[in-house]
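Colleague: Note that the protein sequences, when read in sequence, are chains A and B.
As numbered in the working numbering, residues 72 to 764 make up the first sequence, in order.
As numbered in the working numbering, residues 72 to 764 make up the second sequence, in order.
Treat the hints as calculated values from the structure; they're not laboratory data.
Mixed in with the good hints there might be a few duds.
Which copy is meant is left open, because identical chains are indistinguishable; a pair holds if it fits in one copy or across any two.
[What the hints assert, rightly or not] Heads up, simulated DSS-like pairs for lysine-lysine below, C-alpha to C-alpha not over 30 angstroms straight-line: (1) K338 - K397; (2) K739 - K601; (3) K417 - K394; (4) K389 - K298; (5) K298 - K417; (6) K389 - K74; (7) K697 - K589; (8) K418 - K298.
Nothing here was measured: the structure is a model prediction, and the numbers come from that model.
The chain contents come next:
Number of protein chains: 2
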Amino acid sequence: MGKCINHPDRETSYICLKHQVYLCEDCLTCRDPKIYCKYRSSCPIWFISKRQQKWDEEAQKEAEEVSCEVTFLPAGQKVSVPVNSTLLVAAQAADVHLNASCNGKGSCGKCRLVAVSGDLKAPPTPMLTDEEKEKGYLLACQTQVTNDMTVEIPPEVLEQKLKIAGMGRQVTDQLKGLVSEIDPMLKQIPLQLDPPTFQDSVSDLERMNRGLKKTGCDVAKLNVGIKVMRQLAEVVRRENWNITVSVIRRKCANEILEVHAGNGGQKSLGLAIDVGTTTIVVYLVDMTDGAVLAAAAGHNRQADCGDDVINRIVCAEKDGVKKLSKMALATINSLIGEVLDSVESKKEDVRNVVISGNTTMMHLLLQIEPRYIRRDPYIPTVSDFPIIKAGEIGLAANPIAAVFIMPGPASYVGGDIVSGILYTGFHREDPMTLFIDIGTNGEIVLGNKEWLMTAACSAGPAFEGGGIRWGMRAEEGAIEKVTIDPQTLVPTITTVGAEPPRGICGSGIIDLIAELLKTGIVDRSGRFVKSLVNDRVRYQEDEPTYVLVFADQTPMEKDIVFTESDMKNLIYSKGAVYAGFTTLLSEAGMDFSMVGRMIITGGFGQYLNIEKAVTIGLLPDIERSKFVYMGNSSIVGAYMALLSTRYRQEAREICNTMTCVDFSNTPKYMDEFTSALFLPHTNLEAFPSVITG
Amino acid sequence: MGKCINHPDRETSYICLKHQVYLCEDCLTCRDPKIYCKYRSSCPIWFISKRQQKWDEEAQKEAEEVSCEVTFLPAGQKVSVPVNSTLLVAAQAADVHLNASCNGKGSCGKCRLVAVSGDLKAPPTPMLTDEEKEKGYLLACQTQVTNDMTVEIPPEVLEQKLKIAGMGRQVTDQLKGLVSEIDPMLKQIPLQLDPPTFQDSVSDLERMNRGLKKTGCDVAKLNVGIKVMRQLAEVVRRENWNITVSVIRRKCANEILEVHAGNGGQKSLGLAIDVGTTTIVVYLVDMTDGAVLAAAAGHNRQADCGDDVINRIVCAEKDGVKKLSKMALATINSLIGEVLDSVESKKEDVRNVVISGNTTMMHLLLQIEPRYIRRDPYIPTVSDFPIIKAGEIGLAANPIAAVFIMPGPASYVGGDIVSGILYTGFHREDPMTLFIDIGTNGEIVLGNKEWLMTAACSAGPAFEGGGIRWGMRAEEGAIEKVTIDPQTLVPTITTVGAEPPRGICGSGIIDLIAELLKTGIVDRSGRFVKSLVNDRVRYQEDEPTYVLVFADQTPMEKDIVFTESDMKNLIYSKGAVYAGFTTLLSEAGMDFSMVGRMIITGGFGQYLNIEKAVTIGLLPDIERSKFVYMGNSSIVGAYMALLSTRYRQEAREICNTMTCVDFSNTPKYMDEFTSALFLPHTNLEAFPSVITG
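Please model the complete structure; the sequences and the hints are all you need to start from.
Modeller: Listed below in structure tokens is the structure:
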């Protein structure tokens with residue numbers, strides 16, 4: 072227990088382990104970025120609640136006696152949980168997906184449900200309006216089940232179809248031909264062996280090795296496992312010595328993994344998988360010609376444990392890394408099932424896999440201890456992963472499938488970035504390039520074929536809808552484009568899939584802020600101009616607010632609004648990214664004028680309005696022709712590595728070449744960050760086109 | 072069904088699949104070597120009994136309804152089996168060891184039990200005397216359980232302590248120092264790593280690899296498994312970066328198998344294991360100085376499925392290779408427990424293992440398909456085994472322990488012979504050497520440092536007591552030395568452990584035959600001289616017999632006798648070995664005069680009276696100083712390979728150098744065999760000292 076840093080008269084048990092400060096519950100949930108966001112969840116922070124602990128202990132005791140049944144509408148999933156479990160725990164147990172951005176702290180207000188019947192116990196929360204409370208809204212993470220009960224998932228929370236980068240025929244068709252020489256990790260080598268005779272009586276294994284040698288396989292480096300030895304004699308005779316041998320290549324040694332029927336025209340499929348913190352994308356690839364046969368994308372089920380990597384690690388420490396691994400696998404395997412079904416193939420046909428993702432995602436997926444990623448001095452357990460077998464990690468592929476994990480140089484710059492560089496290819500070229508991947512985090516790379524420098528900035532999940540009242544991912548119904556009439560202040564919006572509006576996604580938020588600034592609704596500090604009050608700009612719960620869509624035009628019959636707190640969250644995020652650019656350039660003794668090209672990637676990048684991103688100061692005010700959008704580069708890099716040894720090798724080289732800068736250890740970064748907390752920036756000279764525009 | 076080859080008027084369902092001849096039940100059980108032994112169990116033969124099949128089907132049906140309880144005295148083990156199971160099946164299920172030399176064919180008469188109470192069903196058998204039948208004796212493999220019953224294991228069948236070669240302090244103490252440079256497969260490398268800092272923030276795995284590189288480990292060839300990656304972060308921090316890494320070396324690649332606490336003075340133990348068809352020997356070795364800390368030997372529990380490798384393979388085909396593997400493992404693991412207990416160590420301390428054994432034993436132990444070993448053209452599935460992990464094969468050692476299996480060049484010349492050559496070392500020397508390993512089989516090697524030639528002869532299990540009425544292994548109470556007074560024909564015997572006589576083992580049998588020949592009780596064809604009938608030489612069940620010990624001097628109160636059939640079995644065995652010598656020499660264009668040295672090894676060799684072995688024509692009549700006994704060379708070779716990479720490499724080289732001759736494909740062998748079916752031989756000129764002696 073200690074005194075709250077903002078309210079010295081209050082005792083609290085919440086402590087930030089990094090900054091060693093106490094914060095009371097109000098400060099944690101006040102949504103005032105000056106107080107809360109300073110220590111928000113995307114920086115290495117860990118709050119311990121002694122009260123929560125006590126609750127847990129009590130619940131544990133009672134649980135041994137009673138359990139309650141919870142029913143989730145509209146689908147009607149039922150689950151039995153110990154009395155006093157939270158509804159979030161019940162939802163996870165029932166495999167009902169609820170977005171719990173803040174990992175159950177009660178501070179994001181995203182895990183909303185509506186009580187239909189039954190008793191419940193919940194502390195007061197400022198995350199719900201009085202109107203909502205009247206309608207029976209509750210926060211799943213804060214509500215304890217005390218009896219059998221039924222709750223409903225309100226329509227605005229129900230998961231919708233994602234619109235993300237890297238999908239669609241027109242994108243994937245372009246990939247074929249990107250890799251000229253296909254060279255998988257796990258090779259299928261057909262052999263026609265001579266049957267044994269008295270004159271030629273070598274063992275079956277030796278006979279097979281002899282056959283492999285003729286195909287150019289280095290038999291001296293070839294290992295074989297007990298499973299193959301056990302099946303060998305039967306298979307070769309059943310198939311009349313006409314067999315196919317699966318050989319995996321690992322570092323200098325190879326291994327025979329399987330022997331089966333010869334030239335039976337087996338399919339040879341591969342998977343490229345991008346495991347994002349928020350979104351997972353899967354490509355199914357024909358390993359014979361490199362064609363992308365199908366693609367699928369879905370929400371990373373781990374989001375039930377928080378929006379960002381820190382919350383995921385905290386959850387892994389609490390509930391075990393297996394839980395998080397299972398959640399990611401549930402999404403990945405269901406997507407794999409989807410792409411395989413679409414081409415009527417079986418998972419056994421998949422013998423090569425490449426997975427790209429940030430360092431935390433990879434640790435969690437492989438059930439490798441992630442806790443030191445978020446602790447000084449931020450050390451990952453593994454950065455360059457050996458090739459592993461799909462069966463070892465529970466991937467829905469042939470258990471012997473070779474899995475290559477994109478290597479990542481640091482705890483906060485992972486294989487997804489290496490994969491992105493591999494695809495965009497600026498590490499092979501002359502022009503000085505600034506590369507940014509905007510996802511749940513923001514990773515920046517600066518360099519060219521001579522050198523590469525990288526850092527991660529705590530952009531936070533705002534660009535993916537996290538921490539924003541009506542923020543959402545780019546699902547159907549998300550507002551993705553906004554213009555505001557300067558006279559009437561009435562907005563014109565475009566939604567994903569042209570569905571009725573349900574919230575606002577990253578690109579819509581950037582548009583909106585640029586428009587709010589241009590129309591003078593907010594000033595350069597992001598504050599609403601007090602004098603300007605009409606039916607679009609009003610106070611709501613003591614906070615200035617812009618109404619984007621009125622309730623009667625939404626499926627959930629509620630106003631979609633953008634508050635001053637939302638604005639401040641967003642400014643913190645864009646400031647973190649911009650400060651990343653300037654700090655990294657400064658570390659290299661450079662400025663924006665020396666940047667020949669700026670590459671933007673990430674699922675987000677595809678819808679970004681560059682002009683407006685410059686207007687709000689997210690992107691620098693440089694010549695617009697220097698900007699290049701490259702969509703989801705992580706999945707394409709994974710696709711390339713799937714097909715080619717050279718690219719897998721190149722990924723390792725990129726990873727080894729990169730110099731990592733740790734902003735938490737770079738005092739300049741905090742100055743740059745503070746300067747960037749204006750629209751577009753404190754220093755207007757850096758944004759000449761915005762001033763004149 | 073077909074006509075018996077000896078009795079054309081009889082229909083029979085027993086067929087020899089190799090020779091495509093039918094044999095009636097009388098011929099199979101008549102014990103006349105001219106008929107039965109010609110097709111005896113040690114040649115590649117497989118009898119199918121349609122009648123047995125029908126019985127099985129009936130039993131299956133009834134079994135679904137009733138099961139019976141069988142109690143085995145004197146220990147009182149109880150087991151429930153389906154009605155109509157044989158007592159042999161019940162004994163195996165109850166883990167009661169019964170020697171079933173013929174694998175349940177009913178032809179060896181070894182699996183004797185005495186009925187105490189309960190009903191039973193059994194066909195008539197000539198294997199039991201009328202007297203025995205009156206006493207309630209029965210054959211377990213021929214007797215079906217129809218009710219709850221109690222049986223007793225008679226004292227002469229109870230397993231006794233083995234006396235075998237390679238045991239005892241005086242033998243094992245000599246081994247220390249045999250290997251000068253100790254170099255295990257699985258190395259324990261202690262590391263003191265620098266803790267990570269912001270300036271040195273490589274991943275834990277990279278940090279460990281860096282440490283390993285400093286010790287001279289080739290990190291480029293180093294793989295690491297998922298298990299190590301999962302435990303790494305916790306272990307290095309718990310141990311304050313002072314760790315020990317277990318690295319296994321396989322072909323060109325190495326693998327990190329385990330990371331644990333640093334320099335805690337862990338024991339480093341190794342096991343050398345000789346898996347004989349009959350006997351298993353285990354040495355526990357201190358890997359730091361090569362000392363043999365303990366040794367143990369026991370009966371291979373697989374003997375419950377037959378005396379020789381062919382019966383074991385037949386059993387594996389019928390019941391699955393897992394059953395045979397489990398039986399061998401039961402013996403091995405119990406012996407490992409014994410040696411570990413004696414030095415108060417745990418199996419986790421064992422990290423290196425070398426196993427030596429014949430090709431069939433190795434296939435069965437590893438659960439690798441053995442069936443093609445006994446089928447034209449006799450092909451093993453694997454001859455050169457990769458290093459495997461103890462956990463993969465169920466060995467009672469640390470699951471990550473590296474297991475090296477001695478490579479064997481052919482189906483009937485295995486790793487035990489390579490191991491023997493490695494130890495005796497004649498492959499490095501000039502003198503032309505003839506090497507014989509007499510165990511359940513007889514393998515012969517001819518050669519020197521220039522070349523090696525090898526073959527196996529079907530000696531059969533007679534030298535280990537198989538197929539001999541009162542034959543037994545060299546257990547306590549076995550008669551191992553015999554002289555016969557030429558006047559009175561009264562024998563003087565010596566038994567193993569000076570215990571009351573219970574039967575006769577190999578060395579005793581050789582002594583006995585030599586004495587029977589010298590005293591004129593039998594003639595050179597092995598037939599009993601009819602005129603000579605006194606109380607020692609008499610007819611018993613229409614067969615001439617020599618009484619070695621009268622009933623009142625035995626614990627089981629029965630005469631220990633040696634019959635004319637026993638004699639013929641033995642002559643077939645010794646003839647097979649001698650024909651092996653002459654055929655192999657002839658294939659090399661040589662004769663005995665060119666042999667500079669003759670090495671005899673095998674558990675048997677230790678008690679062999681060379682003079683008498685020459686007298687009966689088992690060994691050639693060459694200068695006696697050329698004979699060298701080297702005991703159990705297989706276990707010593709395994710010991711050497713355990714300690715040294717060079718010797719493991721040398722074993723592979725020996726295996727690759729050997730030219731294998733297949734006698735079943737060498738017409739000369741049958742001629743040589745026929746000539747050797749006399750005492751000592753048809754050609755007396757080859758045995759000048761025997762003639763004059």
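Colleague: Could you tell me which of the numbered hints above are not met by this structure, giving the numbers in increasing order?
Modeller: 2
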